[in-house]
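K.L.:
Sequence:
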Amino acid sequence: MLESRNLLKEKWRESLASVLPITIIVFLICFFMIPMSNSALLAFIFGALMLIFGMGLFTLGTDIAMTPIGEYAGSAITRTRKLWMIIAIGLVMGIMITISEPDLQVLAEQVPGVPNMALILAVAVGVGIFLVVALLRILLRIKMWVLLLISYTIVFTLAFFVPDSFLAVAFDAGGVTTGPMTVPFILALGIGVSAIRSDRNADSDSFGLVALCSVGPILAVMILSLIYHPGEVVQTTTETVMPETSIELWHMFVSALPKYLKEVGVALAPIAVFFLILQFTMLKLHFRHVARILVGIVYTYVGLVLFLLGVNVGFMPVGNLIGQLLGSLSYRWILVPLGMIIGYFVVSAEPAVHVLSKQVYEMTAGAIPKKALSTSLSIGVSISVGLAMLRILLRIPIMYLMIPGYAIALILMFFVPPIFTSIAFDSGGVASGPMTATFLLPLAMGACSAVGGNIASDAFGVVAMVAMTPLIAIQFLGLYFKLKQAHADGGAAVPGDDDIIEI
Numbered sequence: 001m002l003e004s005r006n007l008l009k010e011k012w013r014e015s016l017a018s019v020l021p022i023t024i025i026v027f028l029i030c031f032f033m034i035p036m037s038n039s040a041l042l043a044f045i046f047g048a049l050m051l052i053f054g055m056g057l058f059t060l061g062t063d064i065a066m067t068p069i070g071e072y073a074g075s076a077i078t079r080t081r082k083l084w085m086i087i088a089i090g091l092v093m094g095i096m097i098t099i100s101e102p103d104l105q106v107l108a109e110q111v112p113g114v115p116n117m118a119l120i121l122a123v124a125v126g127v128g129i130f131l132v133v134a135l136l137r138i139l140l141r142i143k144m145w146v147l148l149l150i151s152y153t154i155v156f157t158l159a160f161f162v163p164d165s166f167l168a169v170a171f172d173a174g175g176v177t178t179g180p181m182t183v184p185f186i187l188a189l190g191i192g193v194s195a196i197r198s199d200r201n202a203d204s205d206s207f208g209l210v211a212l213c214s215v216g217p218i219l220a221v222m223i224l225s226l227i228y229h230p231g232e233v234v235q236t237t238t239e240t241v242m243p244e245t246s247i248e249l250w251h252m253f254v255s256a257l258p259k260y261l262k263e264v265g266v267a268l269a270p271i272a273v274f275f276l277i278l279q280f281t282m283l284k285l286h287f288r289h290v291a292r293i294l295v296g297i298v299y300t301y302v303g304l305v306l307f308l309l310g311v312n313v314g315f316m317p318v319g320n321l322i323g324q325l326l327g328s329l330s331y332r333w334i335l336v337p338l339g340m341i342i343g344y345f346v347v348s349a350e351p352a353v354h355v356l357s358k359q360v361y362e363m364t365a366g367a368i369p370k371k372a373l374s375t376s377l378s379i380g381v382s383i384s385v386g387l388a389m390l391r392i393l394l395r396i397p398i399m400y401l402m403i404p405g406y407a408i409a410l411i412l413m414f415f416v417p418p419i420f421t422s423i424a425f426d427s428g429g430v431a432s433g434p435m436t437a438t439f440l441l442p443l444a445m446g447a448c449s450a451v452g453g454n455i456a457s458d459a460f461g462v463v464a465m466v467a468m469t470p471l472i473a474i475q476f477l478g479l480y481f482k483l484k485q486a487h488a489d490g491g492a493a494v495p496g497d498d499d500i501i502e503i
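Sequential numbering from 1 applies to the sequence shown in our numbering.
Among the hints, a few may not be true.
Claimed, not checked - Think about it this way: if two alpha-carbon atoms lie no more than 25 angstroms apart in a straight line, the pair counts; the simulated SDA-like pairs of lysine to any residue are:
1) K259 / T245
2) K143 / I408
3) K143 / Y406
4) K358 / I64
5) K370 / N6
6) K259 / F46
7) K259 / L41
8) K370 / K482
9) K358 / N6
10) K259 / P270
11) K358 / V295
12) K358 / A76
13) K9 / K358
14) K284 / V273
15) K484 / I411
16) K284 / R81
17) K482 / R141
18) K143 / I403
19) K358 / F345
20) K371 / F345
As the list claims (entries may be wrong) - Pair ranges (Cβ atoms, derived):
21) I223 / E263: 20 to 28 angstroms
22) G265 / I24: 31 to 39 angstroms
23) N38 / I334: 20 to 28 angstroms
24) S39 / L136: 46 to 54 angstroms
No wet-lab data here; the hints were simulated from the structure. Every residue, glycine too, gets a C-beta built ideally from N, C-alpha and C.
Produce the entire structure from the sequences given, and follow the hints as far as they go.
P.N.:
Structure (structure tokens):
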């Protein structure tokens with residue numbers, strides 16, 4: 001009990017350190033650049049507090065519940081040696097965990113032209129199918145670069161047939177799907193499945209599941225757009241209504257609470273049921289382990305409710321309002337440097353980034369420091385948000401940035417150690433999490449509305465940009481480590497680099 005309490009305090013300290021920078025930036029913008037009502041600032045403060053407490057509880061629940069469930073499930077289904085069971089359970093798990101992803105629900109509510117449930121189910125099926133592909137890659141020892149090259153060739157070929165007003169949404173779907181719920185589960189599942197292999201490449205092959213699972217939603221939404229023909233929806237409007245009194249603000253949070261209590265409960269229930277079925281049929285864990293995981297699911301539930309309540313009622317409206325006010329300034333170009341600053345710090349608030357950094361550090365025995373990974377991610381996201389704001393101001397088509405960006409990322413695969421490719425494409429998914437979907441996307445929508453742009457084609461895409469640039473930044477980090485190994489002691493291997501380079 002004392003251990004859990006100390007761990008929770010540590011998680012809250014991490015959450016505070018993550019949320020504080022973006023909170024300070026927002027306050028500086030509101031105090032020195034744009035007028036903001038006291039009620040809006042108060043809503044933002046309440047949202048930030050809920051975000052801190054919610055993220056702390058959620059990450060604690062992830063550590064003691066979601067990650068172990070993924071590892072247990074992965075090792076259990078592979079021990080059966082039955083290919084049909086691996087495919088069936090992988091598909092079901094991918095669909096269930098994606099439906100529970102809060103970022104996807106946030107995106108679905110903002111996408112015009114397609115029913116929310118249709119979008120969510122299409123994306124969930126896309127993740128499920130590509131999760132199966134990723135698991136088979138581990139078992140069949142297929143090179144990661146082969147699957148990535150084939151997958152993105154299909155994506156960009158299909159992109160020529162997708163309506164322009166829905167193209168950015170499709171790429172955004174790939175980013176938001178791999179969020180705080182999906183990433184820990186998928187990463188742990190990969191470790192569990194790779195554990196059945198005894199070769200030296202098994203640990204490195206556990207990475208890459210998030211990368212492949214990010215492709216499925218893009219393809220699924222592209223196909224969905226051809227069915228629903230959303231090209232007719234070329235403009236959406238954004239309207240931010242802030243409370244005028246503290247009583248109204250309180251009612252906003254209280255009235256929204258039942259919605260998120262229900263949504264998170266519906267999302268987590270299938271996972272809990274799945275674990276119990278797995279426990280009684282295959283795992284047979286000791287009661288103490290089962291109780292700990294169930295307690296972790298409760299932590300996850302409470303944390304996600306607070307998290308979603310804070311970001312949707314506090315963060316999202318204020319982000320949209322700030323975007324509108326900044327876009328209305330005579331010097332609206334300020335959106336580009338401000339976006340870069342916000343992007344640099346916002347990635348540290350993503351819960352899934354901490355999960356990935358921890359697993360990368362452990363799997364590489366400290367050869368890839370957390371600081372090096374997080375700094376590379378921050379730089380990549382900073383550039384991506386700056387480009388996204390520039391795209392809004394100049395109305396640059398999304399494909400003008402996506403095609404050269406992914407071309408660079410795919411070319412780099414042939415020059416960097418394979419594990420860096422897997423980690424890079426995983427990082428793209430985890431960098432574009434709840435803070436991106438609930439603050440950066442509304443900020444972009446507000447700015448786009450103020451400059452008179454097309455929100456459907458210009459504002460959407462910021463998540464996709466955030467998901468793309470880390471692919472390049474992390475692979476450049478891989479080049480650095482490769483050169484470091486080549487020049488260390490006249491070509492002698494750097495301690496710990498064997499696990500990274502010689503794959």
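K.L.:
Checked against the structure, which of the hints given earlier come out wrong?
P.N.:
Violated hints: none at all, because every hint is consistent with the structure.
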